[in-house]
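Novice: Listed below, chain by chain, are the residues.
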Amino acid sequence: MSRPARAAAALALTAAALVAGCGSAAPAARGPAAWAPPGWAPFLATSLVTRAGTWAVAVMGGSVAAHDNFWQLFVRPTGSEQWKLVTPPGTADNGGLVLADGGAQSLITGLRPSQGLTFTPLTLTRDAGRAWSSAGPLDAALANVPDALAAAPGSGTLLALTADGTAELAAPGYTRWSTLTSQRTLAATPAGRRCGLHTLTAAAFTAVGVPLLAGTCSHPGTAGIFAARNGTWQAAGPRLPAALAGQAITVLRLTRAANRTVALLKAGSGPADSLLAAWSADGGSHWALSPPLKLAGATLTSTACGPTGAAAIVLNGNKAQTIAGAGSAWQSLPALPAGTATLAPEPAGGIDALAVHRTTLTVWQLAAGSTTWHTTQAISVPIQFGSSS
Amino acid sequence: MNSGLNISDPAVVAAFKAALVHQGLIALLIFALVGLAWITLRAWLPAAAAGAGAAPEATAAATAEPAWRRLLRIGFGLLWVFDGILQAQPKMAIGLPSQVIEPLAAASPSWVQRLVNVGGTTWSYHPMQAGAAAVWIQVGIGIWLLAAARGPLSRLAGLASVGWGLVVWVFGEAFGGIFAPGLTWLFGAPGAVLLYCVAGALIALPERAWHTRRLGRLTTAGIGVFLIGMAVLQAWPGRGFWQGIAHGQPGTLAGMTGTMAQIPQPGFLSAWINAFTTFDEAHGFAVNLVVVAALAVTGAVFLSGRPRLIQPVLAGFTVLCLADWVLIEDLGFLGGLGTDPNSMIPFVLLAAAGYLALARMPAEAAEPAAAAAPGPGWRDRARLARDRVRPHALRRSVATASIGSVASAGAIGLIVLGAAPMAVAQASPVADTILAESINGASAPVNFPAPAFTLTDQDGRAVTLASLRGKVVLLTFLDDTCSTDCPLIAQEFRQAGQLLSADTARVELVAINYNPLNTQVSYIQAFDRQEGLAGVPNWLYLTGSPAQLQQAWRRYGVPPAEILPAGSMVGHGDYAFVIDQAGHMRQELGFDTGPGTQATRSSFAAELTDAAQQLLGRS
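Residue numbers (my numbering), protein chains in the order written: chain P, 1085 to 1473; chain V, 15 to 633.
Hints were generated in silico from the structure; no laboratory data involved.
Here the structure is a predicted model, which is why all the values come from computation and not from measurement.
Careful: at least some of the hints might be erroneous.
To be verified - Short derived list, chain P residues pointing at chain V, Cβ under 7 Å:
#	residue
1	1171
2	1176
3	1177
4	1199
5	1202
6	1203
7	1223
8	1416
C-beta: ideal position from N, C-alpha, C; glycine also.
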């Protein structure tokens, strides 16, 4: 072999080696769009108690195609034992449903946009979902968190957290929105800087109508809850135990129940993370904290807040925990029925598990003090497959 | 990239066939005219024709085309013709982007996909012209190569092969998959058409290069280097070629052939491929060892440049290529929507030509005398060029042209026949209306007074149909919270408004709300902002009370919006109407958006624009 030929052969070997190196990694398989929430956010499946009744949201359809999964709203009206399907009509809700207690007998829903839609239609009911009226819309996509929408007690002013991290306010009718703040603006305030705020995760009002925003802090040991008082944003989060000083804190939920502000906080990440519930009766000046609940690597799939500040969480593997309120401890529930999407704590102390299998919702009940789930109801949901494709 | 239409769409298939038949007739006419001109001029100038007839024969005898070049020219000429015929498959017009280009590019890096997407989009916008262009350009290049044996025309044919081959290699084969994982010679790396380019480049070399052994040495060395590189790639650990089965799954080669066997094809072929797959699963290591050894040995022997060694190895290599062609490459064109016979036949042709260029040349081939002698100066060349294009000289040239030159001229005509309509189509920024018509059919013209309406626009002003008199009205019905078709239709209307350019002030783009629940102006405004229609001066999105809207739907004969349960959007159809300046309904268009691709959206916009311009007397 001549010298140029040998050089060419060496070049070929090198090139082939490079090509092989570049080409050996198989591309990662892309699965169908999943409904998994972002790492820090609880699923949109949740329940909410208002004067009109207990409301629950769950996604149904069971298809791998996102446009064939529809979010459904159920209500168990106050005084009734039966759940009803009351999903607001008129807009495809494949993107998710977010609830806000509108006070009195009203409930406001935000229908998160999906596919070609980019703004958020709002609907309102004053009769436990029998009739809906159109409101809004919010000219932006609502954030993908269960507390993206909150209504001020009394005035009905709506606070919406959008997907791009902006907090918008609107008076009833909800056609004229004004920006309250944004994640970037809030992060630049003294309170935001102390937190190292990098994501907004929840919006709420205090019992006296002060807007609250919550998020994830990059500075360890700080709970990022902020109140808009006297024209400035002030830190309003609980002081956390020293044991959590080195942990990154994310506010998963921030809502109002029985005139109290209720928060669910996640401390840390990975197998060592833990969950805390916090209650404030004075809009964030003072908080009562639950003991930390070690999640031991379990994934949170749903959170729900019950009357009087109770909270219930669903973890993967059919596990669940509840806490009755300030001063109480987390309690494990018996293994959940398969397919449980969310839990709905009852005022009387019992709890309902709403289990989904494709187009059927099965309601299971755990009476106070009982250790066994009983089926009480099954609802067949007439999903129109293909109607949003 | 693709139009999203069914590749067997009857409207498109019929239109493609019709286009090919029409252009085929024109092609015959081109050949007939060129032939007639040639015969006529020969009859007019018999002396010149007769006088010129002897000299070239003598010259040709002195510098006959070498065997290697003839092999390449005829071999690749036939391949181009065959590829052109494959391009005439009825499903090709719609199917090429989705069935050929997209799958080939899918595994490549994103920059390759973006680049390939340009070609695929171009094709999907004008499937008729692109499909026909591919047929005639490839058949034209093939005939050109076959007909032009010598001279500048022959070399130009080689260059045409390189040029079109590169276009096909980049946009049709995604660079032959060389940037994708799993690259292997067995499956056609580095892309069949790149071999067409190499052959074309060799054919295009100047005549003085044809008669030297240096070319043969370079060709065989190039092939040798490439095959050694492919052997290394094949032997590289971790790529799955050494395993017949790995972790319960077929190895890379067995996986590929197993998938290939699933593609619709003649039963005997899939049976052979399945048998090979089973064999490879059982003896994956041995199969890969044989392949690696064969590639390495063949590469080394070709690199040595010794004809006596190359001859037997070439025979063995040919057998290997044919086996690969049948058992792994599926003959290249029988599985799925085939566009060429893949890489093995071109490879054999190239290897054989390299061998012939080496073996059939005298060791000390003398440079042609003409090449050694000093050439004319540039002034002389310029004068000669001027003389050649004088009418008399041109007539004389045609009269004395060989039949090959005449056929070459016809082939060039074929290429122009294919390329020109495609070039014209490219000037249009929108897709052909054939896409829209294939989805909804062509609309029948009507003429009756359009139903009146009184509704409220996005700014809260009352609008009646009568207030729009004097303008062409393009009317549709849109649900303001619809997440699927309505945003697409809105974009079709917006694009139609842009296409109307100067005429846009004489056309009103109107939508009536098709949602009986979200009827507020605030929803209309949100929809307009979403679709970028808020600032469009001739856009009206009308709403009203549910009763007013229902009346409008009823009058226009569109079914009432259906309120569906369980989180579904409102059920409704897709419609468009064309109303003339006098308020008369002139067209009722089915407006199902189909797959909603960029190409189909654009096609609907073109359909709307055409309808408006007809009423404006523009076409």
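Novice: For every hint, state whether the structure bears it out.
Specialist: Hint check results:
no.	hint	in the structure
1	1171	5 Å, holds
2	1176	4 Å, holds
3	1177	4 Å, holds
4	1199	4 Å, holds
5	1202	5 Å, holds
6	1203	5 Å, holds
7	1223	5 Å, holds
8	1416	33 Å, violated
When held up to the earlier numbered hints, the structure conflicts with hint 8 and nothing else.
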